[in-house]
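Asker: Each residue of the sequence shown is one higher than the one before, starting from 2 at the first, in my numbering.
Hint data in this document are derived by calculation from the structure and do not stem from the laboratory.
One or more hints might be untrue.
[What the hints assert, rightly or not] In silico BS3-like cross-links for lysine-lysine, where the CA-CA straight-line distance does not exceed 25 Å:
1. 139 with 197
2. 197 with 107
3. 244 with 262
[As the list claims (entries may be wrong)] Pair ranges (Cβ atoms, derived):
4. 200 with 238: 22 to 30 Å
5. 167 with 250: 38 to 46 Å
6. 189 with 45: 37 to 45 Å
7. 156 with 246: 32 to 40 Å
The beta carbon of each residue, even a glycine, is placed where N, CA and C say it ideally should be.
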Amino acid sequence: MGAEVSPPTKLSAVGVETQELSTEVDLLPGERYIASNRFMVREGSDAAFEQRWAQRKSSLLTLPGFRWFSLMRRVPTDDPTPYPDDYSYISFTIWETKKDFNFWRKGPAFKEAHGGGGILDFLGMIMSSFLTSKGPPKPFFWEGVLPITSNESRERLLSGPGSRPEADGEKVLEPEVFVATTRFQVFHEREQDFEKFWSEHGASLEGQGGFRFSQLLRRDQAPDDDCNYMGVTVWDDRESFEKAKVEASPPGDALMRPALKMWYEGKLVLESESGP
């Protein structure tokens, strides 16, 4: 299935899509759509939280436009600065288009993934969430631009939600990939410069050992966390990432504040035939 490429996005000074303001700037077209949720998991509940995902029903692979999924557990970076929030897990789903995401969100597969059809299933999901999480999940949505995928042949990862019924809730799942993200707050009217930098930086990743794919994510909502862009690179493992030469800095005057690194172990990874 070929990617449906959106027309160039136009952003206003407050970062909200618009078609009217004269201060708009043309940006690169979105080539993917990313839906994600952030979770604050209670201390000591990581394994139980992962178990809920490992055993939940899912039909993602059957859905039009589905590309990639992972449940990601945050891990320390090489920077001793503490993380600024308590969102220790995120779910991360890549769709071909926003239309594909909305088709899932409004269809029976969404209901299946969030407790099933019966009231007892739904109440069970709510109770499990209460026991493992501090408050409800917080969504964030992105346009994916400049997707780059490794040319190396790899076996598809096909675990995904519901694939690990043996998960016991006592031990966390083994990671399947390593995900390095960097969050940016880019000044309005510097977005084009920033995206140009990323396009030049991203090409250097393709030959790195253990590199799987990367995307630059552009916020598709008013940010609630001082972040309107996020760079994402996915690797076979942390060792591959740490061996790679991926150091690059965007123009300092394009950023409102220093970039923030967040690293994750990717689990329950599910890849479509088309890849991410």
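Asker: Would the hint linking residue 197 and residue 107 be met if the CA-CA limit is 25 Å?
Answerer: Since the Cα atoms of residue 197 and residue 107 sit roughly 35 Å apart, the hinted pair is violated (cutoff 25 Å).
Asker: For the pair supplied as a hint, residue 244 and residue 262, is the alpha-carbon distance within the 25 Å limit?
Answerer: holds, 17 Å
Asker: Is 32 to 40 Å a correct range for the gap between the Cβ atoms of residue 156 and residue 246?
Answerer: The hint (32 to 40 Å, Cβ to Cβ) is violated, given that residue 156 and residue 246 are roughly 26 Å apart.
Asker: Taking the beta carbons of residue 200 and residue 238, is their distance inside 22 to 30 Å?
Answerer: The hint (22 to 30 Å, Cβ to Cβ) holds, given that residue 200 and residue 238 are roughly 26 Å apart.
Asker: Does residue 139 pair with residue 197 here, judged by a C-alpha cut-off of 25 Å?
Answerer: Violated, because 30 Å separates the two Cα atoms, which is more than 25 Å.
Asker: Please check whether residue 189 and residue 45 have a Cβ separation lying inside 37 to 45 Å.
Answerer: holds, 42 Å
Asker: Take a look at whether the Cβ-Cβ distance between residue 167 and residue 250 falls inside 38 to 46 Å.
Answerer: holds, 44 Å
Checked against the numbered hints above, the structure breaks hints 1, 2 and 7 and satisfies the rest.
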